[in-house]
Amino acid sequence: MKLDPKLDTFPKLLFNRKLLTPDQAAIREKDFGIWQTWTWTEVADEVRLLACALAASGFQRGDKLAIVGDNRPRLYWGMAAAQSLGGIPVPLYQDSVAQEMEYVINHADIRFALVEDQEQVDKLLEISRSCPKLEYIFFDDPRGLRHYSIDKLQSYEQLAEIGQRFDKENPDYFMTELNKGAGSDISVILYTSGTTGHPKGVILTFENILVTVINSIEFDKLTDKEQCMAYLPMAWVGDHIFSYAQSYVAGFCVSCPESAQTVMHDMQEIGPTYFFSPPRIFENILTTVLVRMEDASWIKRKMFDYFINVAKRCGVQILQKESVGIVDRALYAIGNLLVYGPLKNTMGFSRLRVAYTAGEAIGPEIFQFFRSLGINVKQLYGQTEASVYITVQTDNDVRADTCGIPFPDVDVKISEAGEVLYKSPGVFQSYYKNPEATLQTRSSDGWVSTGDAGYFDDTGHLKIIDRVKDVGRLTDGTLFAPKFLENKLKFFPQIREAVTFGDERDYAGAFINIDLDAVSNWAERNNVSYASYQELAANPQVYAMIRNCIEQTNADLAKDSEIAGSQIKRFLILHKELDADDGELTRTRKVRRRIISERFDSLISALYSQSDRGYIENEVTFEDGRKGMMSADLEIQDVQTFDHMQKVS
Amino acid sequence: MEDTAFQSYETERAREFKDYILEVDGVYVSFGGVKALQNVGFSVYTGEIFSIIGPNGAGKTSMLNVISGFYKASSGTIKFDGNDRTTASPERVASMGFARTFQNIALFKGMSTLDNIMTGRIVKVKNNFLKEALYFPARNQEVAQREFVERIIDFLEIQSIRKTPVGKLPYGLQKRVELGRALAMEPKILLLDEPMAGMNLEEKEDMARFVLDVNDEFGTTVVLIEHDMGVVMDISDHVVVLDHGERIAYGVPDEVRTNKDVIRAYLGEQ
Numbered sequence: 001m002k003l004d005p006k007l008d009t010f011p012k013l014l015f016n017r018k019l020l021t022p023d024q025a026a027i028r029e030k031d032f033g034i035w036q037t038w039t040w041t042e043v044a045d046e047v048r049l050l051a052c053a054l055a056a057s058g059f060q061r062g063d064k065l066a067i068v069g070d071n072r073p074r075l076y077w078g079m080a081a082a083q084s085l086g087g088i089p090v091p092l093y094q095d096s097v098a099q100e101m102e103y104v105i106n107h108a109d110i111r112f113a114l115v116e117d118q119e120q121v122d123k124l125l126e127i128s129r130s131c132p133k134l135e136y137i138f139f140d141d142p143r144g145l146r147h148y149s150i151d152k153l154q155s156y157e158q159l160a161e162i163g164q165r166f167d168k169e170n171p172d173y174f175m176t177e178l179n180k181g182a183g184s185d186i187s188v189i190l191y192t193s194g195t196t197g198h199p200k201g202v203i204l205t206f207e208n209i210l211v212t213v214i215n216s217i218e219f220d221k222l223t224d225k226e227q228c229m230a231y232l233p234m235a236w237v238g239d240h241i242f243s244y245a246q247s248y249v250a251g252f253c254v255s256c257p258e259s260a261q262t263v264m265h266d267m268q269e270i271g272p273t274y275f276f277s278p279p280r281i282f283e284n285i286l287t288t289v290l291v292r293m294e295d296a297s298w299i300k301r302k303m304f305d306y307f308i309n310v311a312k313r314c315g316v317q318i319l320q321k322e323s324v325g326i327v328d329r330a331l332y333a334i335g336n337l338l339v340y341g342p343l344k345n346t347m348g349f350s351r352l353r354v355a356y357t358a359g360e361a362i363g364p365e366i367f368q369f370f371r372s373l374g375i376n377v378k379q380l381y382g383q384t385e386a387s388v389y390i391t392v393q394t395d396n397d398v399r400a401d402t403c404g405i406p407f408p409d410v411d412v413k414i415s416e417a418g419e420v421l422y423k424s425p426g427v428f429q430s431y432y433k434n435p436e437a438t439l440q441t442r443s444s445d446g447w448v449s450t451g452d453a454g455y456f457d458d459t460g461h462l463k464i465i466d467r468v469k470d471v472g473r474l475t476d477g478t479l480f481a482p483k484f485l486e487n488k489l490k491f492f493p494q495i496r497e498a499v500t501f502g503d504e505r506d507y508a509g510a511f512i513n514i515d516l517d518a519v520s521n522w523a524e525r526n527n528v529s530y531a532s533y534q535e536l537a538a539n540p541q542v543y544a545m546i547r548n549c550i551e552q553t554n555a556d557l558a559k560d561s562e563i564a565g566s567q568i569k570r571f572l573i574l575h576k577e578l579d580a581d582d583g584e585l586t587r588t589r590k591v592r593r594r595i596i597s598e599r600f601d602s603l604i605s606a607l608y609s610q611s612d613r614g615y616i617e618n619e620v621t622f623e624d625g626r627k628g629m630m631s632a633d634l635e636i637q638d639v640q641t642f643d644h645m646q647k648v649s
Numbered sequence: 001m002e003d004t005a006f007q008s009y010e011t012e013r014a015r016e017f018k019d020y021i022l023e024v025d026g027v028y029v030s031f032g033g034v035k036a037l038q039n040v041g042f043s044v045y046t047g048e049i050f051s052i053i054g055p056n057g058a059g060k061t062s063m064l065n066v067i068s069g070f071y072k073a074s075s076g077t078i079k080f081d082g083n084d085r086t087t088a089s090p091e092r093v094a095s096m097g098f099a100r101t102f103q104n105i106a107l108f109k110g111m112s113t114l115d116n117i118m119t120g121r122i123v124k125v126k127n128n129f130l131k132e133a134l135y136f137p138a139r140n141q142e143v144a145q146r147e148f149v150e151r152i153i154d155f156l157e158i159q160s161i162r163k164t165p166v167g168k169l170p171y172g173l174q175k176r177v178e179l180g181r182a183l184a185m186e187p188k189i190l191l192l193d194e195p196m197a198g199m200n201l202e203e204k205e206d207m208a209r210f211v212l213d214v215n216d217e218f219g220t221t222v223v224l225i226e227h228d229m230g231v232v233m234d235i236s237d238h239v240v241v242l243d244h245g246e247r248i249a250y251g252v253p254d255e256v257r258t259n260k261d262v263i264r265a266y267l268g269e270q
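First to last, the protein sequences are chains A and B. Read in order, the letters of the first sequence are residues 1 to 649 in our numbering. Read in order, the letters of the second sequence are residues 1 to 270 in our numbering.
Just so you know, the hints here were simulated from the structure itself, not pulled from any lab data. Remember, it's a predicted structure, so these values are computed and weren't measured experimentally. Quick reminder that beta carbons are idealized off the backbone N, C-alpha and C, glycines included. Among the hints, a few may not be true.
[Stated by the list, open to error] Pairs of lysine to any residue residues, derived as SDA-like cross-links and limited to a Cα-Cα distance of at most 20 angstroms, are as follows: (1) B/Lys-163 to A/Ile-34; (2) B/Lys-163 to A/Ala-260; (3) B/Lys-168 to A/Ala-296; (4) B/Lys-168 to A/Asp-31; (5) B/Lys-163 to A/Thr-346; (6) B/Lys-163 to A/Ala-531; (7) B/Lys-163 to A/Phe-32; (8) A/Lys-576 to A/Arg-547; (9) B/Lys-168 to A/Met-264; (10) B/Lys-204 to A/Glu-623; (11) A/Lys-2 to A/Met-293; (12) A/Lys-30 to B/Glu-186; (13) B/Lys-168 to A/Asp-295; (14) B/Lys-168 to A/Met-293; (15) A/Lys-30 to B/Leu-201; (16) A/Lys-627 to B/Leu-201; (17) B/Lys-168 to A/Arg-547; (18) B/Lys-204 to A/Gly-625; (19) A/Lys-30 to B/Lys-168; (20) B/Lys-168 to A/Thr-288; (21) A/Lys-30 to B/Tyr-250; (22) B/Lys-204 to A/Ala-531; (23) A/Lys-463 to A/Gly-625; (24) A/Lys-627 to B/Lys-168; (25) A/Lys-302 to A/Cys-314; (26) B/Lys-126 to B/Glu-186.
[To be verified] Sample of chain A residues with no beta-carbon within 10 angstroms of chain B, all distances over it, derived: (27) Asp-31; (28) Ile-34; (29) Arg-146; (30) His-147; (31) Gly-271; (32) Val-468; (33) Arg-593; (34) Asp-624.
All chains, please: the whole structure from these sequences, using the hints.
Spelled out as structure tokens, the structure:
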């Protein structure tokens, strides 16, 4: 499959779909408890109306349309509508606070916004005074907005009417505009959440995305029969590629969940064949499974434990079609009937053919757990700047600790400093209105710096260790890769988040966030009473439990000579959950180390002193945007470390 | 600052009310020697949010019970839409268009959220026993009622607990389900007995939002009892304050807030 010059934009692909498979389902949304379906014909018609309405409001070529909200069909149509008119969709993270949106809206010169509901409308109205360029706000869900009598605030229904009228008066307008589009036009601007500074607007053209997507469809043999869930933020490049671009090119149906809380249940009903998620989702699923198994009856628990061990022993080999003994094979078949099958069904993975985890390194234990159940989860290494794909694992060559081999048409090399560089047809044009950052990231000969430290192993697989700037060394010279340690810790269901320190220190230390679901469940079963998160986190029994987890991690680290020295010597349990609203995590929930070390400075000093307590006081932001002070006196505990044991040769 | 397209946003919408939907006049209720309500009177406009507040034991719940027909007033009148209904039974009151929630949640704990809200539709089911026994009439009825209930579930954003037995839900969500059941009756007046009691700040704000939205979207008149002055003053159009079974203040929130008797009742003598 090659990029067809007649089908070089998404709107053109959409109207081609209308010809090829007019009655096939294009998108679904669960509403009022029922899956509502739109065919490709219906989607094409909706997009046409929406585009005409935009045109009637004065939307010009090159204008930007902000898209804010959960994954909703109408918001996806908004993207195609803007693109039909030569405009540029700019999806924003829907859980951003108003001030964060203000930056992007002003920076991207946004005149039009299509948003989901009252929550988003209120946010935009709040900042409208400082966003003079913003002219129109369109909304999908009218609830609570009945009394907002503002001219340029319009409902989707009003838009459809305006569009219909405009289309009747100018019947040729839409198709003429659509056909003006070219592959070299800007397709979308995606703002990266960025671990430092303001977000940067990554400009991708239709060609960037389409060439990459066509390669990916060939690579995984995707067809128009796939089922996929659109549940990740629309502003994330992953969702844009998987739920929008690939669907338009391959012609498969995308399903939007009823609400963010019902994703797991909706997924069970849809049974996706193709699935994409950051490791966090897999971690959450595993935590839920383990927690629920602890509540299960004795016999179920025994069965689960026994067959999970069988799967651990031979599941991955069976998935990769390697040779496995007849006894294990038989046991695995029984396990599939009794445990794995039902388990996969509850997780919604029964029909899964290809799944990817990307965005961050996944803990090897978590990864192997899913693979051992026969779920084809693979790793992918990508970036917004690359239209996602840089390296990817092929079906029968999957390993827990690598990111796979370079994706078709992508060149990857390692710089002298150990940084991963790449070059591909998917490489972004520039950062919007930020030439310095563009120059810093992309050299004049087209190589893009990822900021990640990594190397190719003997089999040609790329291994990522950590961010280049985060990999450090202890004072005795031992390699210290914080993310590697943190991922190991996060495998324990009791640990939600971990932040480790050690660069230029004498030893490694850790902050732990307990997982409220898992730990409160444990507390309930063990008659441990508590009134708040803070109290539970400070409980001595919880401390003992977490210490035990860290000791297990240390024992594991001791097996590897390279990192045996970076075992964790001291830790504390934080009194609050790390939160994106306080700037401690990015919107995609990656740890922001610099901000954490500033905010928790006094605790870090305590971690590296003799003291067994640390005091902290800082400002926190509540969900409604108000701020308050929070203080705590936290206990710091020592952990046992192990000697590195030489293998007896 | 430059003018933007959305300047007009900040003008508050004015609320105007015309007719009374509920008129309470000179109501007395006593249990043996205890006088729970003494000569209490007030009027509720159609479409407003009306609050009954007061310290513990002031007679708030008694007042609500009189309105919903659980208690009989020993004297005084209650008019609904201009007609006297002082002596109507609770069932009669419910079918007139009153729905209520309870201070200490009264749901069917073993039933799912969906089924609990479905029970609120009973007053609206038109089929008789014979029709219910036949396939098509029963099915059509079920579909119609289910659709209405799904709208409520969507409205209250409780899709994720649709099939969960309510006994397993946290308190704040149970309160929301109870509100859902009351809404299922398509009431003209919604009586809420301490809808925010025992909630944390976030849950309270959510609940306040839902009360405002119900009033806004469906035009339902809301009469609520509340302990928390802050919330009440923010969302109510009119407030009546009771203390020891007597009315001590009545009016718009700003008047009531500064009323000396109210301050005394809440804070004690200075």
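Taking the hints in turn, this is what the structure says about them:
1. Our distance criterion of 20 angstroms between C-alpha atoms is met by B/Lys-163 and A/Ile-34, whose separation comes to about 14 angstroms.
2. For the hint linking B/Lys-163 to A/Ala-260, the alpha-carbon distance of about 16 angstroms falls within 20 angstroms, and the restraint holds.
3. For the given pair, B/Lys-168 sits about 16 angstroms from A/Ala-296 by alpha-carbon distance, which is consistent with the 20 angstroms threshold.
4. Of the pairs offered as hints, the one joining B/Lys-168 and A/Asp-31 is violated, with about 24 angstroms between alpha carbons and a cut-off of 20 angstroms exceeded.
5. Using a Cα cut-off of 20 angstroms, the hinted pair B/Lys-163 and A/Thr-346 holds, with the two alpha carbons roughly 15 angstroms apart.
6. Simply put, B/Lys-163 and A/Ala-531 have alpha-carbon atoms about 28 angstroms apart, too far for the 20 angstroms limit, and the pair is violated.
7. For the hint pairing B/Lys-163 with A/Phe-32, the CA-to-CA distance comes to about 13 angstroms; that is within 20 angstroms, so the pair holds.
8. A distance of roughly 18 angstroms separates the Cα atoms of A/Lys-576 and A/Arg-547; the hinted pair therefore holds under the 20 angstroms criterion.
9. In summary, the hint linking B/Lys-168 to A/Met-264 is supported, as the alpha carbons are separated by about 19 angstroms, within the 20 angstroms threshold.
10. Taking the CA atoms of B/Lys-204 and A/Glu-623, the gap is near 13 angstroms; set against the 20 angstroms cutoff, the hint holds.
11. Taken as a hint, the A/Lys-2 and A/Met-293 pair is broken in the structure, with Cα atoms around 48 angstroms apart against an allowance of 20 angstroms.
12. Restraint check for A/Lys-30 and B/Glu-186: the C-alpha separation of about 25 angstroms exceeds 20 angstroms, so the hint is violated.
13. The suggested pairing of B/Lys-168 with A/Asp-295 holds, with an alpha-carbon distance near 14 angstroms, which does not exceed 20 angstroms.
14. Taken as a hint, the B/Lys-168 and A/Met-293 pair is honoured in the structure, with Cα atoms around 18 angstroms apart against an allowance of 20 angstroms.
15. Taken as a hint, the A/Lys-30 and B/Leu-201 pair is broken in the structure, with Cα atoms around 31 angstroms apart against an allowance of 20 angstroms.
16. Only pairs whose Cα atoms come within 20 angstroms are accepted, and A/Lys-627 paired with B/Leu-201 is accepted, the gap being roughly 14 angstroms.
17. The suggested pairing of B/Lys-168 with A/Arg-547 is violated, with an alpha-carbon distance near 32 angstroms, which exceeds 20 angstroms.
18. At most 20 angstroms may separate the alpha-carbon atoms for a hinted pair to count; B/Lys-204 and A/Gly-625 meet this at roughly 16 angstroms.
19. The suggested pairing of A/Lys-30 with B/Lys-168 is violated, with an alpha-carbon distance near 24 angstroms, which exceeds 20 angstroms.
20. Of the pairs offered as hints, the one joining B/Lys-168 and A/Thr-288 holds, with about 17 angstroms between alpha carbons and a cut-off of 20 angstroms not exceeded.
21. A threshold of 20 angstroms between alpha carbons decides the hint, and for A/Lys-30 with B/Tyr-250 the separation of about 46 angstroms lies outside it, so the pair is violated.
22. The suggested pairing of B/Lys-204 with A/Ala-531 holds, with an alpha-carbon distance near 18 angstroms, which does not exceed 20 angstroms.
23. Distance check on the hinted pair: A/Lys-463 and A/Gly-625 sit about 40 angstroms apart at the alpha-carbon level, beyond 20 angstroms; violated.
24. Restraint check for A/Lys-627 and B/Lys-168: the C-alpha separation of about 32 angstroms exceeds 20 angstroms, so the hint is violated.
25. Between A/Lys-302 and A/Cys-314 the alpha-carbon distance is near 19 angstroms, which keeps this suggested pair within the 20 angstroms criterion.
26. For the hint linking B/Lys-126 to B/Glu-186, the alpha-carbon distance of about 14 angstroms falls within 20 angstroms, and the restraint holds.
27. For A/Asp-31, the requirement that its beta carbon stay farther than 10 angstroms from each beta carbon of chain B is not met, with the minimum near 7 angstroms.
28. Distance check on A/Ile-34: its Cβ comes as close as 8 angstroms (rounded) to a Cβ of chain B, failing to clear the 10 angstroms threshold; non-interface status is violated.
29. With a least beta-carbon separation of about 6 angstroms from chain B, A/Arg-146 fails to lie farther than 10 angstroms from that chain, contradicting its non-interface assignment.
30. Look at A/His-147: its CB is around 5 angstroms from the nearest CB on chain B, not clear of 10 angstroms, so calling it non-interface is violated.
31. Separation of A/Gly-271 from chain B is adequate, the least Cβ-Cβ distance of about 18 angstroms exceeding the 10 angstroms criterion.
32. Annotated as non-interface, A/Val-468 keeps its C-beta farther than 10 angstroms from every C-beta of chain B; the closest such distance is 40 angstroms.
33. Every Cβ of chain B is farther than 10 angstroms from the Cβ of A/Arg-593; the closest lies at roughly 29 angstroms, confirming the non-interface assignment.
34. For A/Asp-624, the non-interface assignment is contradicted: its Cβ lies about 7 angstroms from the closest Cβ of chain B, within the 10 angstroms cut-off.
The structure shown violates the earlier hints numbered 4, 6, 11, 12, 15, 17, 19, 21, 23, 24, 27, 28, 29, 30 and 34.
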